[in-house]
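Student: What follows is each chain in one-letter form.
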Amino acid sequence: GEQVEQLPSILRVQEGSSASINCTYENSASNYFPWYKQEPGENPKLIIDIRSNMERKQTQGLIVLLDKKAKRFSLHITDTQPGDSAMYFCAASSNTNKVVFGTGTRLQVLP
Amino acid sequence: DMKVTQMPRYLIKRMGENVLLECGQDMSHETMYWYRQDPGLGLQLIYISYDVDSNSEGDIPKGYRVSRKKREHFSLILDSAKTNQTSVYFCASSSLGNYAEQFFGPGTRLTVL
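Protein chains in written order, with the numbering used here: chain A, 284 to 394; chain B, 5 to 117.
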């Protein structure tokens with residue numbers, strides 16, 4: 284199985300609150316989990332990633348958690364701002380350079 | 005300046021016509037990809053290329069073929085386009101290695117009438 288499930292598909296939060304996106308994967312050989320942000324009309328860009336030898340990674344208001352036993356990983360955006368409004372994709376990769384993407388979460392940060 | 009380029013950016017074709025989408029990168033990346041993006045379906049891998057003339061099918065290769073004759077160029081070809089191939093197509097590239105970041109091009113919006 285190579286599917287990556289991503290929820291929710293739409294997420295609306297108030298400015299200043301936190302936002303969480305959850306993903307699950309099937310392939311137990313997956314060892315790399317990047318997150319991409321896509322602004323309207325733009326291309327996806329890598330914002331943070333985590334390798335399977337880590338459980339938590341944090342950078343600039345973004346936190347990624349990985350639970351390998353449950354095959355689950357998540358992105359948490361703290362203190363959301365209007366500039367965080369975008370489409371977010373999780374992804375999972377094993378040792379083949381082939382990356383399987385989730386179906387995306389549209390985050391809307393409300394003023 | 006690290007860049008992935010795509011041409012054309014917008015294309016309208018009639019059903020049954022042939023379509024050529026071009027992608028270039030200036031980072032000497034070995035690996036290149038073609039994805040299509042549709043609402044609710046995310047990014048679906050059409051083909052992956054590991055180097056010149058070393059191409060593999062992705063998850064949805066039917067109706068598409070690719071060509072990679074130079075490391076910096078990767079083409080996607082639709083022979084006899086169908087209306088359900090209307091989509092936004094993204095090219096991406098990355099270096100070899102499992103933890104390599106993918107760099108995406110700006111996308112091509114293809115409409116097949």
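Incorrect hints may appear among the rest.
[Stated by the list, open to error] EDC-like mimics (lysine to aspartate or glutamate), calculated; alpha carbons at most 16 Å apart, straight line: (1) A:K381 with B:E26; (2) A:K381 with B:D55; (3) A:K352 with A:D367; (4) A:K381 with B:D83; (5) A:K328 with B:E105; (6) B:K74 with B:D55; (7) A:K320 with A:D332; (8) A:K340 with A:D350; (9) A:K320 with B:D63; (10) B:K74 with B:E105; (11) B:K73 with B:E105; (12) A:K320 with A:D367; (13) B:K73 with B:D55; (14) B:K7 with A:E338; (15) A:K354 with A:E298; (16) B:K66 with B:D83; (17) B:K7 with B:E26; (18) A:K381 with B:E61; (19) A:K351 with A:E325; (20) A:K381 with B:E34; (21) A:K381 with A:E298; (22) A:K351 with A:E309.
[To be verified] Computed list of chain A residues with no C-beta within reach of chain B, every gap over 10 Å: (23) E285; (24) Q289; (25) S300; (26) T307; (27) N326; (28) L329; (29) D332; (30) Q343; (31) G344; (32) L348; (33) K352; (34) Q364; (35) K381; (36) V382; (37) V383.
[Stated by the list, open to error] Some chain B residues near chain A, calculated using beta-carbon distances under 10 Å: (38) Y54; (39) V56; (40) F107.
It is worth saying that the hints were derived from the structure and are not from the lab.
This one's a predicted model, so the numbers in the text were calculated from it and none came from an experiment.
Note that CB positions come from ideal geometry on N, CA and C, so glycine has one too.
Student: Hint by hint, say whether it matches the structure.
Tutor: The hints, checked one at a time:
Simply put, K381 of chain A and E26 of chain B have alpha-carbon atoms about 21 Å apart, too far for the 16 Å limit, and the pair is violated. A threshold of 16 Å between alpha carbons decides the hint, and for K381 of chain A with D55 of chain B the separation of about 14 Å falls inside it, so the pair holds. Proximity of K352 of chain A to D367 of chain A is assessed by CA-CA distance (about 30 Å); at most 16 Å being required, the pair is judged violated. Taken as a hint, the K381 of chain A and D83 of chain B pair is broken in the structure, with Cα atoms around 25 Å apart against an allowance of 16 Å.
Proposed proximity of K328 of chain A and E105 of chain B is supported: the alpha carbons are some 9 Å apart, at most 16 Å. For the proposed pair K74 of chain B and D55 of chain B, the alpha carbon gap of about 8 Å is at most 16 Å, so the pair holds. For the suggested pair K320 of chain A and D332 of chain A, the alpha carbons sit about 12 Å apart, so the restraint of at most 16 Å is met. A hinted pair counts as satisfied when its Cα atoms are at most 16 Å apart, and K340 of chain A with D350 of chain A qualifies at roughly 12 Å.
Between the alpha carbons of K320 of chain A and D63 of chain B the distance comes to roughly 22 Å, so the proposed pair goes past 16 Å and is violated. For the proposed pair K74 of chain B and E105 of chain B, the alpha carbon gap of about 21 Å is over 16 Å, so the pair is violated. A threshold of 16 Å between alpha carbons decides the hint, and for K73 of chain B with E105 of chain B the separation of about 23 Å lies outside it, so the pair is violated. For the suggested pair K320 of chain A and D367 of chain A, the alpha carbons sit about 9 Å apart, so the restraint of at most 16 Å is met.
The suggested pairing of K73 of chain B with D55 of chain B holds, with an alpha-carbon distance near 9 Å, which does not exceed 16 Å. Using a Cα cut-off of 16 Å, the hinted pair K7 of chain B and E338 of chain A is violated, with the two alpha carbons roughly 32 Å apart. The straight-line distance between the Cα atoms of K354 of chain A and E298 of chain A is roughly 30 Å, outside the 16 Å bound, and the hint therefore fails. At most 16 Å may separate the alpha-carbon atoms for a hinted pair to count; K66 of chain B and D83 of chain B meet this at roughly 11 Å.
At most 16 Å may separate the alpha-carbon atoms for a hinted pair to count; K7 of chain B and E26 of chain B meet this at roughly 14 Å. Among the hinted pairs, K381 of chain A with E61 of chain B is consistent with the structure: their alpha-carbon atoms are about 11 Å apart, no more than 16 Å. Restraint check for K351 of chain A and E325 of chain A: not satisfied, since their Cα atoms lie roughly 32 Å apart, outside the 16 Å limit. Restraint check for K381 of chain A and E34 of chain B: the C-alpha separation of about 13 Å stays at or below 16 Å, so the hint holds.
The hinted pair formed by K381 of chain A and E298 of chain A fails the criterion: a straight-line CA distance of about 35 Å is larger than 16 Å. The hinted pair formed by K351 of chain A and E309 of chain A meets the criterion: a straight-line CA distance of about 11 Å does not exceed 16 Å. With 10 Å as the threshold on Cβ separation, the claim that E285 of chain A sits away from chain B is violated: the shortest Cβ distance comes to roughly 7 Å. Its beta-carbon lying about 8 Å from the closest one in chain B, Q289 of chain A breaks the requirement of being farther than 10 Å from that chain.
For S300 of chain A, the shortest C-beta to C-beta distance to chain B comes to about 25 Å, beyond the 10 Å cut-off, and the non-interface label holds. Every C-beta of chain B lies more than 10 Å from that of T307 of chain A, the closest at about 14 Å, which supports listing it as non-interface. A cut-off of 10 Å between C-beta atoms contradicts the statement that N326 of chain A is not in contact with chain B; the least separation is 4 Å. Residue placement check: L329 of chain A does not keep its beta carbon more than 10 Å from all beta carbons of chain B (closest about 5 Å).
Not every CB of chain B is more than 10 Å from the CB of D332 of chain A (nearest about 7 Å), against its label as outside the interface. Even its closest Cβ contact with chain B, about 16 Å, leaves Q343 of chain A beyond 10 Å, as expected for a residue assigned away from the interface. Here G344 of chain A stays apart from chain B, with its beta-carbon at least about 20 Å from theirs, past the 10 Å limit. The beta carbon of L348 of chain A sits about 18 Å from the closest Cβ of chain B, which is more than 10 Å, so the claim that it is off the interface holds.
Once the 10 Å rule is applied to beta carbons, K352 of chain A is consistent with being away from chain B; the minimum gap is 21 Å. No beta-carbon of chain B is positioned within 10 Å of the beta-carbon of Q364 of chain A; the least distance is around 23 Å. In this structure K381 of chain A is not separated from chain B by more than 10 Å, as the shortest Cβ-Cβ distance comes to only about 6 Å. Non-interface call for V382 of chain A relative to chain B: violated, since the shortest CB-CB distance, roughly 7 Å, does not exceed 10 Å.
Non-interface call for V383 of chain A relative to chain B: violated, since the shortest CB-CB distance, roughly 8 Å, does not exceed 10 Å. Interface hint status for Y54 of chain B: upheld, as the beta-carbon distance to the closest one in chain A is roughly 7 Å, under 10 Å. Using the Cβ-Cβ criterion of 10 Å, the hint placing V56 of chain B at the interface with chain A is not satisfied: the shortest such distance is roughly 15 Å. The beta carbon of F107 of chain B comes within 8 Å of a beta carbon in chain A, closer than 10 Å, and the hint placing it at the interface holds.
In this structure, the earlier hints numbered 1, 3, 4, 9, 10, 11, 14, 15, 19, 21, 23, 24, 27, 28, 29, 35, 36, 37, 39 are contradicted, and the remaining ones agree with it.
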